[in-house]
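Student: What follows is each chain in one-letter form.
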Amino acid sequence: MVNKKQIKELLNESTCSHNIEKKSSCNRAKPGATSGGCAFEGAQIALFPFADVIHLVHAPSTCQGASWETRESRTSYKGEDNTPLGYCTDINTNDIIFGGNKKLEDSIKYIIKHKNPKAIFVYETCVTAMIGDNMDSLAKRLEKKYSIPIVVVHSPGFVGGKNLGSRLGGIAILEQLIGTKEPKEIHPYGINLIGEYNVTGDMWQYTPILEKIGIKIVSTLAGDGRIENIQQAHRAKLNVIVCAKSLVTLCKKMEEKYSIPYVSVSFYGKRDTSNAIRTIVGAFKDEKLSKKAEIVIDDEERKLEKKLIPFRKILKGKKAILNTGGNKSWSIASALQDIGIEVVATSIRKATLEDIDIAKKYVPILMKVPANEQAKLIDEHKVDILLAGGRSLYTAIKKRVAFVDVNQEKKVSYGAYNGLINLAKNVCNAVNNPVFKVVGTTAPWEKTND
Amino acid sequence: MTKPLQINPLKLSQPMGSLLAFLGIKNCMPLMHGAQGCASFSKVFFTRHFNDPIAIQTTAVNDITAIVDGGDYSISEAINNITKKVKPDLVGLFTTGLTEVKGDDIKGATYLLKKRMKMVYVHTPDFEGGLESGFAKTIEAIIEQLVVPTKEIDSKKALLIPNVNITPIEVEKIKEQLELFGFKSFALPDLSDSLDGHLGLKQGALSSGGISLENIKNLANCSLVISVGRSVEKCGISMLEKNPNMTHLHFDSLGGLKNSDKFYKALMEFTKVSKPASSIIRWRKRLQDVLLDTHFLIGGANVVVALEPDQINSIVQTISEAGANIKAIIAPTNSMAINELTCKVIIGDFDDVEKILEENDLLISNFHGHRLTKKHNKALMLRGFPNFEGIGYQLKNDSLYEGSSYLLCEIANILEHHRH
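Chains as they are written, first to last, in our numbering: chain A, 1 to 450; chain B, 451 to 870.
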């Protein structure tokens with residue numbers, strides 16, 4: 001069952017600044033004026049990266065049929081990578097009338113028999129919540145019978161957006177998995193990476209650096225994650241939230257329950273990556289570790305600067321406008337500044353109050369309605385590059401400036417030091433590409449280029 | 451134990467088919483009645499498939515409106531909020547599993563709003579049917595609710611009703627063929643004008659083109675309605691209900707030489723033309739040549755096809771003419787379009803595809819076929835939804851003499867390339 005009290009609590013997260021400013025909790029979606037995914041998608045984003053778990057979606061065909069194999073969340077797991085796969089009970093009219101529990105039970109049994117997974121996560125969605133399938137008791141019964149964890153995630157889309165769904169996923173893990181296994185030994189510098197989904201291998205850009213310093217990654221939620229590790233997450237010394245606020249609640253609960261403190265970091269750009277490493281290491285208050293970290297940071301930064309030399313030559317003096325959402329409104333800005341680009345303006349249309357506060361420190365102009373503002377700003381500031389989603393492409397063509405699709409980061413990693421090289425490469429390619437001017441050419445039957 | 455679940459589904463939902471149909475109407479706002487995720491997933495899915503912005507809004511049903519609202523509140527709120535920003539000519543309202551389980555009265559809600567917004571409503575629960583039926587049901591709803599009945603006939607006017615698998619460029623090409631016979635041609639829906647991948651001024655708040663509301667209303671005086679694909683045959687019949695004097699020609703497929711012959715023969719008979727345009731004659735000769743040129747490679751190749759039923763039927767008929775050995779077809783839903791094929795027919799998913807891939811050479815399927823063909827070192831030809839990584843799917847033409855020629859060349863080249 002969906003737990004109303006828990007959802008209310010999750011929505012009233014006290015660390016969200018809007019909950020201080022106004023009395024209402026996180027906003028409800030407005031009919032006819034909503035974009036963005038639902039709670040199920042949020043749970044999917046947060047938990048599907050566990051590659052050694054089979055993720056069974058108890059739903060009719062849209063939920064999983066339209067969304068499987070869409071994210072490039074990478075894993076080093078040697079067995080079959082379950083992250084991109086689509087398991088779905090595909091509820092039909094009969095199940096709706098007579099209940100979907102039987103189909104769910106048969107599906108779980110089929111999976112156990114044919115795929116022999118280490119664990120199964122079962123996701124509740126709108127329709128199966130409405131018809132009232134009792135998934136909890138079924139999961140408990142089968143868990144006992146087959147002795148593998150069967151985790152129920154209550155994530156029907158109608159309870160809210162992606163962010164809430166990620167929180168619900170986190171809570172399911174906390175309540176049903178964390179603390180169910182003890183490690184052989186407890187590492188003095190063990191951390192959990194929370195909210196890092198290893199999209200395009202982002203995480204692998206910095207985990208080797210942390211390991212070089214002497215930090216051990218105990219578990220991740222859930223990039224390159226393993227069920228066995230997350231079961232032992234309660235024995236880590238520090239929770240590190242990576243560029244995502246949705247799992248703050250989980251970290252706070254872990255602090256209460258297991259006395260694990262948490263820090264929040266970002267690994268975009270040189271300065272932020274170095275700061276992130278310092279924040280993590282600093283939390284251990286160990287001078288030797290901090291010294292080691294400084295040496296490694298120094299070494300990495302120097303290597304990076306050397307690799308950036310050819311790009312800096314091309315990008316020197318270039319001005320850019322950034323139009324993207326959430327924490328990217330400042331994290332990408334910071335990364336761009338690190339490769340020598342002047343960021344004239346950034347969009348805060350889809351950013352939270354915290355993100356806006358941070359963005360202010362990085363960028364002079366914050367655009368509230370970028371669709372209206374960016375074209376004017378390109379002219380006023382003689383901007384060279386527009387970094388935005390596909391919708392802004394026409395603005396770039398019309399203004400004859402280079403365009404970088406910021407969603408490229410879903411295909412190539414922009415994370416940590418090495419990711420910065422990828423970003424520099426993509427921006428340079430755009431700056432050097434004649435395509436935007438060619439496409440912007442006036443047709444023979446048109447009079448002006450307007 | 452028969453498999454109780456879907457593993458790596460091929461199936462796409464009815465509301466997604468409905469969305470595509472509404473996107474082929476000019477200045478339309480498709481409004482999905484359900485929780486916000488259904489619309490978001492579908493939007494992202496088609497945005498990646500077409501590489502273009504997709505217009506859609508949601509009624510964003512939440513845990514409270516899921517229980518206490520009969521649909522009219524969230525639908526009228528949605529119309530309020532949509533019209534604050536844009537002025538659509540039509541709102542296409544379609545349901546999802548959630549709102550069908552709660553049993554919302556969308557016809558009533560549409561009726562209450564009729565003074566404020568022109569709307570079409572259609573029931574498309576995602577626990578029934580699939581992409582093809584969602585598309586077809588929506589066309590039927592549009593015809594039923596918008597087309598004004600008449601008994602008059604404009605002998606120069608023809609209507610094409612494509613199935614969901616016909617690409618934007620194919621719609622345009624088929625319309626052009628009709629024009630070669632002297633018709634002014636329309637398509638319902640007309641994706642060739644909206645999702646053909648053109649650089650447009652607009653940022654995709656509403657559908658960027660398509661058949662206009664005015665033209666839809668006046669479709670009943672077409673002398674000819676042509677439906678292509680078993681899934682939309684009924685839509686042609688719906689048109690006849692608007693005007694009994696109209697002629698309905700139905701084709702299960704326009705793929706391959708024989709099917710193209712049937713198409714042109716029927717048009718020649720209807721228009722009493724004894725010799726069609728020279729380009730048609732020329733393309734038939736080209737296709738004959740391509741069939742002969744490619745039969746060495748295609749002949750005897752063992753092929754598995756996993757697509758929507760109408761597209762399976764069309765491609766299987768085309769490549770069988772060059773001697774391809776169709777080992778099995780896998781469809782997400784059952785359909786008469788595939789029941790008449792002589793090969794092994796499976797209603798299933800990619801789990802089933804994988805089981806039979808080993809002993810075959812080529813898989814014809816969507817983006818999800820990549821992982822499997824890579825794993826088993828088989829050739830892949832990309833067709834169907836989704837095509838996430840490839841570019842230009844909206845410009846793929848597999849229909850009639852011309853398109854069949856391209857299709858056969860592509861397959862032959864893929865097989866040749868894979869051989870080395």
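Any given hint could be a false lead.
Claimed, not checked - To give a feel for the contact side, a few chain A residues facing chain B, derived at Cβ under 8 Å:
| # | residue |
| --- | --- |
| 1 | R28 |
| 2 | S61 |
| 3 | G65 |
| 4 | E69 |
| 5 | L85 |
| 6 | C88 |
| 7 | T93 |
| 8 | I96 |
| 9 | I97 |
| 10 | Y110 |
| 11 | I112 |
| 12 | C126 |
| 13 | Y394 |
| 14 | T442 |
Bear in mind the hints are in silico, worked out from the structure with no lab data behind them. Idealized CB from N, CA, C, for every residue including glycine.
Student: Hint by hint, note whether the structure agrees.
Tutor: The hints, checked one at a time:
no.: 1; hint: R28; result: holds (6 Å)
no.: 2; hint: S61; result: holds (4 Å)
no.: 3; hint: G65; result: holds (5 Å)
no.: 4; hint: E69; result: holds (6 Å)
no.: 5; hint: L85; result: holds (6 Å)
no.: 6; hint: C88; result: holds (5 Å)
no.: 7; hint: T93; result: holds (6 Å)
no.: 8; hint: I96; result: holds (6 Å)
no.: 9; hint: I97; result: violated (10 Å)
no.: 10; hint: Y110; result: holds (6 Å)
no.: 11; hint: I112; result: violated (12 Å)
no.: 12; hint: C126; result: holds (4 Å)
no.: 13; hint: Y394; result: holds (7 Å)
no.: 14; hint: T442; result: violated (13 Å)
When the structure is compared with the earlier hints, violations turn up for hints 9, 11, 14 and for no others.
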